[in-house]
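Sequences listed follow chains A and B, in order.
Plus 1121 on top of the position in the first sequence (first one is 1) and you've got our numbering.
Plus 64 on top of the position in the second sequence (first one is 1) and you've got our numbering.
One or more hints might be untrue.
To be verified - Partial selection, computed: residues in chain A whose CB lies under 10 Å from chain B:
hint, residue
1, F1148
2, T1165
3, E1167
4, I1169
5, Y1174
6, Y1201
7, T1218
8, D1221
9, D1225
10, M1227
11, G1231
As the list claims (entries may be wrong) - No farther apart than 27 Å at their CA atoms in a straight line, the calculated lysine-lysine pairs in the BS3-like style are these:
hint, chain 1, residue 1, chain 2, residue 2
12, B, K171, B, K88
13, B, K91, B, K171
14, A, K1186, B, K91
15, B, K91, A, K1164
16, B, K103, B, K171
17, A, K1173, B, K109
18, B, K167, A, K1164
19, A, K1173, B, K95
20, A, K1134, A, K1173
21, A, K1164, B, K103
22, A, K1164, B, K109
23, B, K106, A, K1140
24, A, K1140, B, K88
25, B, K109, A, K1197
26, A, K1164, B, K95
27, A, K1140, B, K171
28, A, K1164, B, K106
29, B, K167, B, K88
30, A, K1134, A, K1164
31, B, K91, A, K1197
32, A, K1186, A, K1164
33, B, K88, A, K1164
What the hints assert, rightly or not - So these bits of chain B aren't anywhere near chain A, every CB distance computed over 10 Å:
hint, residue
34, P72
35, S114
36, F126
37, T136
38, T161
None of these hints come from the bench; they were simulated from the model.
Positions of the beta carbon are idealized from the N, C-alpha and C atoms, including for glycine.
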Amino acid sequence: EVQLVESGGGLVKPGASLKLSCVASGFTFSDYWMSWVRQTPGKTMEWIGDIKYDGSYTNYAPSLKNRFTISRDNAKSTLYLQMSNVRSEDTATYYCTRGDGYSDVMDAWGQGASVTVSS
Amino acid sequence: DVQMTQSPSNLAASPGESVSINCKASKSISKYLAWYQQKPGKANKLLIYSGSTLQSGTPSRFSGSGSGTDFTLTIRNLEPEDFGLYYCQQHNEYPWTFGGGTKLELK
Chain A
1122 EVQLVESGGG LVKPGASLKL SCVASGFTFS DYWMSWVRQT PGKTMEWIGD IKYDGSYTNY
1182 APSLKNRFTI SRDNAKSTLY LQMSNVRSED TATYYCTRGD GYSDVMDAWG QGASVTVSS
Chain B
65 DVQMTQSPSN LAASPGESVS INCKASKSIS KYLAWYQQKP GKANKLLIYS GSTLQSGTPS
125 RFSGSGSGTD FTLTIRNLEP EDFGLYYCQQ HNEYPWTFGG GTKLELK
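Sequences are here, hints too, so could you generate the full structure?
Now the structure itself:
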């Protein structure tokens, strides 16, 4: 069974940094592109970016690329999202997703990690 | 970025009925439109991609249609487990973008 489990969320102050992790199981992690997607409290869904299966290439939403960095450790089957200089508008649930490997859609999602940015 | 406009934002229906959810892109995305279902306590589920291709495991009562800028998700003979939030997402060009969501509620 494909499983994606996010961790590292919580309450963080504006301007701080935070790193989310996503441990994958049930599939060969190193064969798949992976993405991060977030959902605001108002339920707006926003794609953050993705990373190639070998970690050699990333794409980002233009509005986030200066503050967010996606990386992966295939030996640990783990995806990361480094968030820096966080703002109140970064308050959201952050989802780790798997690319389907064919059509650029997200065929598996984690349960999400909640991040609240507040002083 | 391609803007995705989803309608309606809320929809109430009864089991056994059929419903349609619409998604409009700000420019042509060819056939590359996906639909996802979100339910409390469950991982989001990919239902349809490339406009009309059912993801493995998606019940046949779900169907997708459209191309270019206008797309529709139709659910026939609603089952109790179909109530939840639905999102469209274009997968034609980066950055991938989502519609605002449609909440399908029990009437």
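Right, here's what the structure says about each hint:
1. F1148: With a closest approach of 14 Å, the F1148/A hint is violated.
2. T1165: Interface hint status for T1165/A: holds (7 Å vs cutoff 10 Å).
3. E1167: holds, 7 Å
4. I1169: Holds, about 9 Å.
5. Y1174: violated, 17 Å
6. Y1201: Violated: closest Cβ of chain B sits about 19 Å from Y1201/A, beyond 10 Å.
7. T1218: holds, 8 Å
8. D1221: holds, 7 Å
9. D1225: holds, 4 Å
10. M1227: At 6 Å from the nearest chain B Cβ, M1227/A passes the 10 Å test, so the hint holds.
11. G1231: holds, 7 Å
12. K171/B x K88/B: holds, 26 Å
13. K91/B x K171/B: Given that 27 Å is the threshold and the Cα spacing comes to 34 Å, the pair is violated.
14. K1186/A x K91/B: At roughly 24 Å apart (the allowed maximum being 27 Å), K91/B and K1186/A satisfy the hint.
15. K91/B x K1164/A: holds, 24 Å
16. K103/B x K171/B: holds, 17 Å
17. K1173/A x K109/B: holds, 22 Å
18. K167/B x K1164/A: Holds, at roughly 10 Å.
19. K1173/A x K95/B: holds, 23 Å
20. K1134/A x K1173/A: violated, 31 Å
21. K1164/A x K103/B: holds, 12 Å
22. K1164/A x K109/B: holds, 16 Å
23. K106/B x K1140/A: holds, 24 Å
24. K1140/A x K88/B: violated, 35 Å
25. K109/B x K1197/A: Since the Cα atoms of K109/B and K1197/A sit roughly 25 Å apart, the hinted pair holds (cutoff 27 Å).
26. K1164/A x K95/B: holds, 25 Å
27. K1140/A x K171/B: At roughly 42 Å apart (the allowed maximum being 27 Å), K171/B and K1140/A break the hint.
28. K1164/A x K106/B: holds, 15 Å
29. K167/B x K88/B: Cα-Cα ~17 Å, so holds.
30. K1134/A x K1164/A: holds, 22 Å
31. K91/B x K1197/A: Given pair K91/B, K1197/A is violated - Cα atoms ~40 Å apart, limit 27 Å.
32. K1186/A x K1164/A: holds, 22 Å
33. K88/B x K1164/A: holds, 18 Å
34. P72: Correct as stated: the minimum Cβ-Cβ distance to chain A is 14 Å, above 10 Å.
35. S114: Incorrect as stated: the minimum Cβ-Cβ distance to chain A is 6 Å, not above 10 Å.
36. F126: holds, 15 Å
37. T136: Answer for T136/B: holds, closest chain A Cβ roughly 18 Å.
38. T161: Given a closest Cβ separation of 7 Å, the condition is violated.
When the structure is compared with the earlier hints, violations turn up for hints 1, 5, 6, 13, 20, 24, 27, 31, 35 and 38 and for no others.
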